[in-house]
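S.K.: For reference, the chains in residue letters:
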Amino acid sequence: MSTLIQANGLSKQYGAKLALDQVSFEVKKGAPVALVGPNGAGKTTLFSLLCGYIMPTSGSLSIVGHRPGASALFGKLSALPQDAQLDPRFSIAHQLTFYGQLQGLTTKQSQSEALRVLELVGLAEVAKQRSDDLSHGMRKRVTIGQALIGKPEIVMLDEATAGLDPIHAREVRELVSNLSEEATFILSSHDLTELERLCGQVLHLDKGKITEHQANSNIEQTQHHMTILFAENYPNIEQSIQSLAAVNRVYMSQAKEYVVEYQKTASLFDIELLKYCHQQGWRYRQLVNGHTLENQIFTQEKI
Amino acid sequence: MTQLNPKRLLNITLFELTRLFLTKRGLLAVAAFTICWLLILRYPVGQAVSTMSSPELAAVAQHIFGVIGLSKLLMWPEAELAMYWLIALYSFPIFCLFLCSDQIVGDRQRGTLRFLSLRATRTEILFGRFLGQVLILAILITITLVATVATLAFRESSLLLSGLNRSLVLFFYLVVTVLPFIALMTFLNTIARSSRLTVIMAILFFAVGNIVVSLMSWQLPIFAILNYIFPGVQLEQVAGQNADLFSSIGIPLLQTVVLLVAAQRIFSRSSL
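Those sequence lines, one after another, are chains V and E.
The first sequence runs 93 to 395 under our numbering.
The second sequence runs 773 to 1044 under our numbering.
Check before you lean on any hint, since a few could be wrong.
[Said to hold, decoys possible] In the DSS-like style, the derived pairs of lysine-lysine whose C-alpha atoms are separated by at most 25 Å in a straight line are:
| id | chain 1 | residue 1 | chain 2 | residue 2 |
| --- | --- | --- | --- | --- |
| 1 | V | K200 | E | K844 |
| 2 | V | K301 | V | K121 |
| 3 | V | K220 | E | K844 |
| 4 | E | K779 | V | K243 |
| 5 | V | K243 | V | K121 |
In case anyone wonders, no lab produced these hints; they're calculated from the structure.
Computed from a predicted structure; not experimentally measured.
Start from the sequences and build out the full structure, keeping to the hints where you can.
M.R.: Structure, rendered in structure tokens:
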């Protein structure tokens, strides 16, 4: 897999505040990459650096061999920056066509490209309207559409589903999933379940540092853990499951959710665990092979 | 970020035209401009001949024009163009301070520049917007000139050819004159936070700046050279057609280049 983004010792200082502190990571072509972290962790700063909106205080950043903001990246890298809006004085189609032209498409190609991306986000009918005439969610989807003009290689979406209703948030997730063969998406979101569904690699930022940098589907790490979420609270779950032969350890990760650590040699442990739950009359809601992303990030210190 | 791709530059420049002629705000500005110029063409320009050549006013006009260095204008057979020249030379620079007040500042506040900067270099965006404003001003100057020549031809059709020739020269000088004013607004757009603020900064620059330079040059005459930082410093001489080539073309072009280079330097380093 070819490297798309390479960051080395990247720092960004705003006055006395260190927004990013010696961040190094690599993004390869492929499955979507998640960028997670609490508010003020430096996610938007990292997005802005990747897009070339701001300059790093120190460190180096290379995107397919070019510095951020280089003209070689026009049409290859696109983004949905947080809170950025289209010009309310022009129709949406007019602006998207203009963006297509800047990316090197002819007027005709740009016009059909504008309609194509609007159809992708389910908003072809608003092409002639101005962004002020649209709801917040529709504006967001239009700006997601602009990030898809010209089929870029890297698409960065900062809080793409924030403020969208559940149906449209799901549509955006499906869109990302469908297009992830053509482009590498970098997504920032507070919805960890959403990122867990979509992403293979997780970059966890906290207080300006990357503290997580691992693949979600890392077999070595996940093959001897199960996370089970029950429909309700049952008494003595931990002690009961602990009595199973292959189980090393059981602990509660969140309300009604338990992590079961078992011996690697145990075969068909998931079947055994579910049978046991059935025998006990416990109704389960979800079984995750490994740790949930949320637990990986926020409760790993307990493990 | 300093790269200039001609196609992208042209796209950005032409997009500015749609901003003026296809948006409500732009059309309102054009409507206000048209009404002002209809009044100007109807009264000062339309009655230029009778004003300048009436026996009662001729002596007074000649005296006043002579004192303020405009006597050459009285010799033009195309009196309408002489009046047009005086009005346009002072009104277009003022008009462009308002017309060009929002080149990038609005898009920057809204975040629209973030979409653009992934598709064009900052230099292309800045210079494209500047050239777009120049094109708009050139179109507006052309329209007013054509209307003035039409007024002239309506009075005396034999003056049509000489009027067209003279209006070509006037067009060139007017465009050169407004260049540094547009560039000043381009520069202020890179440092201000709103279009209103760019207008206020421009007014303060001319008002306070002139006072400061006057005081400084009163103390030490060498500071009079600082007057050259103000766009339009040559207007008085140019109005009477008394300026040399350097004053009428060299100074505004130099000011434009300096302001654009400064704007480019600031914009390419600023955060979006």
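S.K.: Determine for every hint whether it applies to the structure shown.
M.R.: Hints versus structure:
1. Pair hint K200 (chain V) plus K844 (chain E) does not hold up; C-alpha atoms about 54 Å apart against a cutoff of 25 Å.
2. For the proposed pair K301 (chain V) and K121 (chain V), the alpha carbon gap of about 23 Å is at most 25 Å, so the pair holds.
3. With a C-alpha separation of about 54 Å, the suggested pair K220 (chain V) and K844 (chain E) falls outside the 25 Å cut-off, and the hint is violated.
4. With a C-alpha separation of about 20 Å, the suggested pair K779 (chain E) and K243 (chain V) falls inside the 25 Å cut-off, and the hint holds.
5. For a cut-off of 25 Å, the pair hint linking K243 (chain V) to K121 (chain V) stands: about 15 Å separates their Cα positions.
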